[in-house]
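Engineer: If you want the building blocks of each chain, they are given just below.
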Amino acid sequence: MKLHQKGFLLVALSKADSLWDESLIAQTFEEYGSAGEYAENTIRIALDELAAGGLITRLEEKLDVKNGRQKLIFKYQLSNFGRSRMQDTGLL
Amino acid sequence: MSNQTPTALSLALNRHYGRSQRWGFAWALWTAILWGAWYVPGTALWSEHPYVDIPADAQSLRLAATAVMTWVHAITVFLFLLLWNAVLGKVKDYGRTIVRFRKISKWYALASLCGGPMAIFGSYMAMGFIGPVFAAVTSLFYPVIGAVIARLWYKEKISTRAAIGMAIIIFGGVVIYGPSMFGEMDPNNHHAWLGYLGGIISAIGWGAEGAVAGRAMDVSDPDVGIHCRFTFEIAFWGVFILPFLAIFTDLPIKDLIVGTVTHGNAMLWITLAAACHAYCYTAFYKSFSLIGVGRGEAIGNLYAVFALIFIAAFTLQLPEWYFIVGLVLTVLGSFVMFSESAESVSELRDHS
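Just so you know, the protein sequences line up as chains B and E, in that order.
With my numbering, letter number 77 in the first sequence gets 77, and the count goes up by one each step, no holes.
With my numbering, letter number 315 in the second sequence gets 315, and the count goes up by one each step, no holes.
Keep in mind that the hints are not guaranteed to be accurate.
Covered stretches of chain B, going by a simulated chain E footprint (3 or more residues, C-beta under 8 Å) [stated by the list, open to error]:
| id | segment |
| --- | --- |
| 1 | 1-15 |
| 2 | 40-49 |
| 3 | 53-61 |
| 4 | 84-92 |
Read the hints as simulated data drawn from the structure, not as lab findings.
Glycine is no exception: its CB is placed at the ideal position from the N, C-alpha and C atoms.
Extracted from the complex, chain B is given alone in its bound form (with noise of 0.2 Å):
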């Protein structure tokens, strides 16, 4: 059985050192077959709260301009808590 999301995103960056959220956006879809502006903001609202509960952080955000609007993006890395949260959650 596939992972659920917020398992997901975390395990994709325990994989890497650091992942901007468009990245992580490809991923979930190709993971999950999902599309769509609403697919994509409830992935971004995921990493939202997972930030908020410092299990991951924002390295380097920046503007990004897509289909003529701004857009905010960020870098997120797993931090030593988020790691520990999923080694106590079976994640890792």
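Knowing the structure of chain B, use the given hints to seat chain E on it.
Structural biologist: Frame of chain B; chain E shown alone:
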């Protein structure tokens, strides 16, 4: 990058953090409104068959009725949450989360034990042995317990400003209920200690629920988490508590269940109560993810204000003067918490 000035970036960042904070507080406020509204159908249910037939002094029968009522209510809440997650496209995520019991969903099971059987049972003891007003006052203290557990267990930050806000909200709650609470104190009541114990159990139950659920919510979705929590609550009542009562006591559990589901009015109130409760809890869990357990619970505490407003609106009984004082205090307290800077709310933990 070339045409990107630092000001535009920092403005966008501020907007982003501000938005997260506003959503977190908006969810917490929804919790308070729906929780307050819940008291109207929740109280009205006691005046319908089969519950209206139970004498006030039949303690064990009232307890059994509470258990049955809570179970049917939990099943209805589950159905509303299923609708919610179906619309959000999260039903598959629910399945993927609940199957990981040993590592993840067991925390939701524990949260349901704290917030369901433990808090409700404790609250009932407080109501039965001292009075409903006392029960409501002790419940108002649960954010303090939640914040302290979250602080000790996973080092969630409580800023001085948030602590002051929480203190004002709790003081406001005491002012709302305090004057009528003195009327309930009876020196001849030798069972009063059971009520005090029950009050403490309910405050610990609700306070611990947020902190325990927060642990699982770190790695899972709040909408899915609340769905897991109610799945386990249904199991606790339906698989353990009610069968135990039915087999080992002579309480009419089966009659109460049949009586509840066959009375249209009882089911109507349960459905209304469950709709409030389902989305109140959804909002509650979503706020935890964005603004933390301590703040989410403190703003959620405004339920006392909304409860009195809704009850006044439906019964046309105007509140006493001290209610207005309590209202001002609780609203002031939540503004003290809300005025915290957006950046500090976005990083809730000491860990990094």
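Engineer: How about the segment 53-61 of chain B: do at least three of its residues have a C-beta closer than 8 Å to a C-beta of chain E?
Structural biologist: holds (count 5)
Engineer: Is the coverage entry for the segment 1-15 of chain B by chain E consistent with the three-residue Cβ rule at 8 Å?
Structural biologist: holds (count 8)
Engineer: Examine the segment 84-92 of chain B: at least three residues should have C-beta closer than 8 Å to a C-beta of chain E.
Structural biologist: holds (count 6)
Engineer: Are 3 or more residues of the segment 40-49 of chain B near chain E, judged by a Cβ distance of less than 8 Å?
Structural biologist: Three-residue rule met by the segment 40-49 of chain B, so holds; n is 4.
In terms of the numbered hints stated before, the structure departs from none.
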